[in-house]
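**Q** Since chain A is already given, all that's left is putting chain B on it; use the hints.
Protein chains: 2
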Amino acid sequence: MTRTELIAQIRKKKSFLCVGLDPDLEKIPQHLLKTEDPIFEFNKQIIDACRDYCVAFKPNTAFYEAEGTKGWQSLLKTANYLGKTCPDHLSIADAKRGDIGNTSSLYAKAFFDNLGFDSITVAPYMGEDSVMPFLAHPGKWVILLALTSNKGAFDFQTLKTGEDPLFVKVLKTSSKWGNADNMMYVVGATQAEMLVEIRKHIPDHFLLIPGVGAQGGSLAEVVKYGMNKDSGLLVNASRSIIYASSGTDFALKAGEEAKKMQQEMARLLK
Amino acid sequence: MTRTELIAQIRKKKSFLCVGLDPDLEKIPQHLLKTEDPIFEFNKQIIDACRDYCVAFKPNTAFYEAEGTKGWQSLLKTANYLGKTCPDHLSIADAKRGDIGNTSSLYAKAFFDNLGFDSITVAPYMGEDSVMPFLAHPGKWVILLALTSNKGAFDFQTLKTGEDPLFVKVLKTSSKWGNADNMMYVVGATQAEMLVEIRKHIPDHFLLIPGVGAQGGSLAEVVKYGMNKDSGLLVNASRSIIYASSGTDFALKAGEEAKKMQQEMARLLK
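Keeping their order, the protein sequence lines are chains A and B.
Count along the first sequence from 1, add 50, and you get the number used in our numbering.
Count along the second sequence from 1, add 50, and you get the number used in our numbering.
For the chain B half of the interface with chain A, some residues (derived, Cβ under 10 Å), not all of them:
#1 G148
#2 S155
#3 M182
#4 T198
#5 D205
Don't read these hints as lab results, they were simulated from the structure.
Just so it is clear, the structure is predicted and the values come from calculations on it, not from any experiment.
Glycine included, every Cβ here is placed at the ideal spot set by N, Cα and C.
Only chain A is shown next, with the shape it has when bound in the complex (with noise of 0.2 Å):
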């Protein structure tokens, strides 16, 4: 997916939402345990109900791996079905993959290649050739670690190197190793007037933005301070989505909070 097209969608919609695919057994509605594939039955439902509201989904990879070989093939199946039904959607892997260059190439063979998502998400530690087999996919994303919404954000990626903050210096470095059409960055929204930093040195690249809703960040704060011309934003929401209900309307709740925020962007946008 390219960033025109994800810029349309994003106007198209009237959102910037992206839902977080965070499917745990021990909170999907109970009846669904009974199906084949309750993981992927859920996914569906999720996707279906959420699907005019958003303009990405994304599912994070250790809810999947928690349940082994069945996991795995559930996250196929998502990825597959995003791909049919969602082709305007921009998927994303949250991975926070990253290992020497030849290991990186056979992630992004995973991620790319074989399941088929548009973007990953890729830590920074390991620096630019751990990043860059990413970036040899045309076509596809990588969205980078740069502050993230928890508490351990503050030790390390806030410390002072020289004049900047560590996430201001992996942004300065790391923006050399691609553009804003193949890389965007993880922001965490729990710190949002730290986006007017950001944003001076990254003006055009999108900010994937976890910590709204459930991890207690500010939608509005984050547009005021992040926002630039294209939007330039995807805002996550995963648990106050998909577990708005844990009965059989699960998948009508969960549209309807997705419509709430898709509303409250559509405001916000304006």
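**A** Only chain B this time, still in chain A's reference frame:
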């Protein structure tokens, strides 16, 4: 596996060798492709041939994920085979994971509970709460990336943060999260002289050292600068051992290469 048990194995075998199980379908002997699970068949024979000369085995998850569901199945079979035939070896999932707390818990479930690995490599960028869920598993180990063996290590890991380079800050901060009984660190052999600095901060922790062999690091230098009274080293070799031959004698040749390294280690341990 406890630290005491690991040290006992090193003394008994006169070896601190870790064999990396990185099976690539394009590199493994072609006659194996006719078997039902070529990756597992390859690993099984490598494990049988090398186990007497090494104290650890380390599958890198990228090689398995690149083969999709079937690859994950091969990883499970490999982990089970290690559990059954090598209970005295440390098993390492080289996964380089790390995410917000509840998500890291799921990775811990995937690799410790389901696959039964003794340890997992973890990326430090997201800080304390991304690492602690792994440390919550008694008897298991976190092997945290500190200074990696690739060129990109110099992009961020060696940046000065105050008095210290980032990787030293990672050592100082993270060594308070656990202790030498449940944490180790990845330190690349290509920068062996930096082991002197590293040992100042973590004299007792085990170090997992990649980059000896195919990546060019020297075993003698690693020992000179990095060994402590318990050895404190696990030196990994992957390609130089597992791809020693591409013929039907691959396991025999792999065993010979592992034995050569063990013999060199035995000399250096004196």
